[in-house]
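Asker: Residue strings, one per chain:
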Amino acid sequence: MRQAGGELTIDTRGQGLVEITRRVLDWVDAQGLESGLLTIFCRHTSASLLIQENAAREVRSDLEAWIARVAPEGPHYAHDDEGPDDMPAHLRSVLTGVQLSIPIAGGRPVLGTWQGIYLFEHRRAAHLRRIALHVIGE
Amino acid sequence: MRQAGGELTIDTRGQGLVEITRRVLDWVDAQGLESGLLTIFCRHTSASLLIQENAAREVRSDLEAWIARVAPEGPHYAHDDEGPDDMPAHLRSVLTGVQLSIPIAGGRPVLGTWQGIYLFEHRRAAHLRRIALHVIGE
Amino acid sequence: MRQAGGELTIDTRGQGLVEITRRVLDWVDAQGLESGLLTIFCRHTSASLLIQENAAREVRSDLEAWIARVAPEGPHYAHDDEGPDDMPAHLRSVLTGVQLSIPIAGGRPVLGTWQGIYLFEHRRAAHLRRIALHVIGE
Numbered sequence: 002m003r004q005a006g007g008e009l010t011i012d013t014r015g016q017g018l019v020e021i022t023r024r025v026l027d028w029v030d031a032q033g034l035e036s037g038l039l040t041i042f043c044r045h046t047s048a049s050l051l052i053q054e055n056a057a058r059e060v061r062s063d064l065e066a067w068i069a070r071v072a073p074e075g076p077h078y079a080h081d082d083e084g085p086d087d088m089p090a091h092l093r094s095v096l097t098g099v100q101l102s103i104p105i106a107g108g109r110p111v112l113g114t115w116q117g118i119y120l121f122e123h124r125r126a127a128h129l130r131r132i133a134l135h136v137i138g139e
Numbered sequence: 002m003r004q005a006g007g008e009l010t011i012d013t014r015g016q017g018l019v020e021i022t023r024r025v026l027d028w029v030d031a032q033g034l035e036s037g038l039l040t041i042f043c044r045h046t047s048a049s050l051l052i053q054e055n056a057a058r059e060v061r062s063d064l065e066a067w068i069a070r071v072a073p074e075g076p077h078y079a080h081d082d083e084g085p086d087d088m089p090a091h092l093r094s095v096l097t098g099v100q101l102s103i104p105i106a107g108g109r110p111v112l113g114t115w116q117g118i119y120l121f122e123h124r125r126a127a128h129l130r131r132i133a134l135h136v137i138g139e
Numbered sequence: 002m003r004q005a006g007g008e009l010t011i012d013t014r015g016q017g018l019v020e021i022t023r024r025v026l027d028w029v030d031a032q033g034l035e036s037g038l039l040t041i042f043c044r045h046t047s048a049s050l051l052i053q054e055n056a057a058r059e060v061r062s063d064l065e066a067w068i069a070r071v072a073p074e075g076p077h078y079a080h081d082d083e084g085p086d087d088m089p090a091h092l093r094s095v096l097t098g099v100q101l102s103i104p105i106a107g108g109r110p111v112l113g114t115w116q117g118i119y120l121f122e123h124r125r126a127a128h129l130r131r132i133a134l135h136v137i138g139e
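Protein chains in written order, with my numbering: chain W, 2 to 139; chain S, 2 to 139; chain P, 2 to 139.
You may find that some hints are simply not true.
As the list claims (entries may be wrong) - Among chain S residues calculated to face chain P with C-beta under 7 Å, some are: (1) T22; (2) L26; (3) G33; (4) L38; (5) I52; (6) E54; (7) D63; (8) W67; (9) A79; (10) L101; (11) S102; (12) V111; (13) Q116; (14) A127; (15) L129.
As the list claims (entries may be wrong) - Covered stretches of chain W, as calculated for chain P (at least 3 residues, CB under 8 Å): (16) 3–9; (17) 21–30; (18) 55–61; (19) 121–134.
Derived by calculation from the structure, the hints in this document are not laboratory data. Backbone N, C-alpha and C define an ideal beta-carbon position, used for all residues, glycine too.
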């Protein structure tokens with residue numbers, strides 16, 4: 002049994018989903034495990050990680066519009082140190098979560114056919130986001 | 002230290018919660034680990050996994066009604082290739098998540114007394130859902 | 002490679018966020034791993050775990066107010082065996098989740114600068130909550 006850790010740095014361009022499937026799979030591939038467990042962890046409180054359909058672009062725009070309704074900007078937050086998108090970004094991060102674990106089999110994470118891995122940027126400004134990676138297996 | 006991987010296939014009958022606790026525990030039991038970590042992963046973008054109370058049936062119907070309010074069907078989605086339940090299914094999958102990890106101690110996952118593991122089917126039609134399993138420990 | 006399991010018992014004082022970062026980090030530190038994977042699991046269906054910003058107190062009060070809007074108390078639940086806060090507590094637990102996994106590197110979990118680990122108590126009454134811990138690595 003062995004393990005490996007690493008980090009991806011993702012450039013975001015303001016609010017929206019950034020697909021990171023390819024970069025994650027390439028990193029896992031480089032570790033050379035046949036089977037095991039992959040964990041991905043977003044080291045921020047205003048961005049998050051999720052798995053969602055990777056085919057239709059409309060799924061992503063609908064998802065972005067929906068989360069803006071469930072955790073909207075507005076004048077009712079006590080915390081707005083960094084602007085009106087500050088507190089909604091924290092709420093959207095809680096809603097979607099910052100961590101994913103995916104079993105590895107046959108040399109790759111067992112994502113379904115339509116599943117892609119996304120970083121969800123919740124701030125209006127571009128950010129550099131750091132994603133920690135870990136695999137364990139053999 | 003050793004690990005094992007597997008898969009469960011779950012027949013759903015349209016929208017709603019399907020308890021899979023027994024099938025997951027039986028699979029873990031068959032791996033014969035005394036302690037370790039269990040990970041369960043749903044390989045779909047319109048079904049999800051969650052842990053919720055396993056006693057009162059009303060908890061499940063209230064949960065199903067609530068998620069239909071938070072991520073409702075409606076005419077405002079750009080993505081409706083597969084019908085009005087298509088996009089809401091993706092949103093509900095994001096809301097609840099597709100992955101669970103549970104420590105194993107004393108030979109079984111440390112679920113609390115009232116915790117059950119559920120697959121949440123978000124499409125109206127019956128589906129065959131594939132759930133990947135992984136344990137590591139000794 | 003080695004692993005360890007444990008449990009934290011957390012006294013809550015009714016609805017709200019309880020920071021447990023220090024207690025989790027102390028437990029991990031005592032296991033003496035240089036690198037690996039930490040998993041934290043809440044053994045309840047009316048409390049949950051999340052990672053959120055640990056600096057401004059207003060973030061936590063805004064988060065508590067928001068979740069009370071998304072999963073409100075009300076007369077429309079079939080399940081209210083234990084009072085009006087019973088069913089909303091289950092919904093809020095589903096919304097935020099009961100499990101976190103965090104890679105360990107350089108001897109500690111790779112939390113970002115502003116990330117704290119919180120137990121979210123969703124019942125009005127004080128409760129004793131049990132959090133299972135697991136690490137694997139070397």
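Asker: Would you mind marking each hint as holding or not holding in the structure?
Answerer: For each hint, the structure was consulted:
Violation of the interface hint for S/T22 is found here, the shortest Cβ-Cβ separation to chain P being roughly 13 Å, above the 7 Å cut-off. Look at S/L26: its Cβ only gets to about 15 Å from chain P, farther than 7 Å, so that hint breaks. With its C-beta approaching chain P no nearer than about 16 Å, S/G33 sits outside the 7 Å limit, and its interface hint is violated. The beta carbon of S/L38 comes within 5 Å of a beta carbon in chain P, closer than 7 Å, and the hint placing it at the interface holds.
Checking S/I52 against chain P: minimum C-beta separation of about 6 Å stays under 7 Å; hint holds. At about 4 Å, the closest approach between the beta carbon of S/E54 and any beta carbon in chain P falls short of 7 Å, and the interface hint on this residue holds. At its closest, the beta carbon of S/D63 sits 5 Å from a beta carbon of chain P; the interface hint therefore holds under the 7 Å criterion. Interface hint at S/W67: satisfied, since its Cβ lies 5 Å from the closest Cβ of chain P, which is below the 7 Å cut-off.
Because the smallest distance between the Cβ of S/A79 and any Cβ of chain P comes to about 24 Å, over 7 Å, the interface hint for this residue is violated. Taking 7 Å as the C-beta cut-off, the interface hint given for S/L101 holds, the closest approach to chain P being about 6 Å. Hint status for S/S102: holds, given a least beta-carbon distance of 5 Å to chain P, under 7 Å. At its closest, the beta carbon of S/V111 sits 4 Å from a beta carbon of chain P; the interface hint therefore holds under the 7 Å criterion.
Annotation: interface hint on S/Q116 holds; nearest CB of chain P at approximately 6 Å, less than 7 Å. This hint is violated: S/A127 has a C-beta 23 Å from the nearest C-beta of chain P, more than the 7 Å allowed. The interface hint given for S/L129 is broken, as the beta carbon of that residue sits about 24 Å from the closest beta carbon of chain P, more than 7 Å. Coverage of the segment 3–9 of chain W by chain P holds in this model, with 3 residues showing a Cβ closer than 8 Å to a Cβ of that chain against a need of three.
Counting residues of the segment 21–30 of chain W whose CB lies closer than 8 Å to any CB of chain P gives 0, which falls below the minimum of 3, so the coverage claim is violated. Given as covered by chain P, the segment 55–61 of chain W fails the check, having 0 residues with a CB less than 8 Å from a CB of that chain where 3 are the minimum. Counting residues of the segment 121–134 of chain W whose CB falls under 8 Å from any CB of chain P gives 3; the rule of at least 3 is met.
Of the hints listed earlier, those the structure fails to meet are numbers 1, 2, 3, 9, 14, 15, 17, 18, in rising order.
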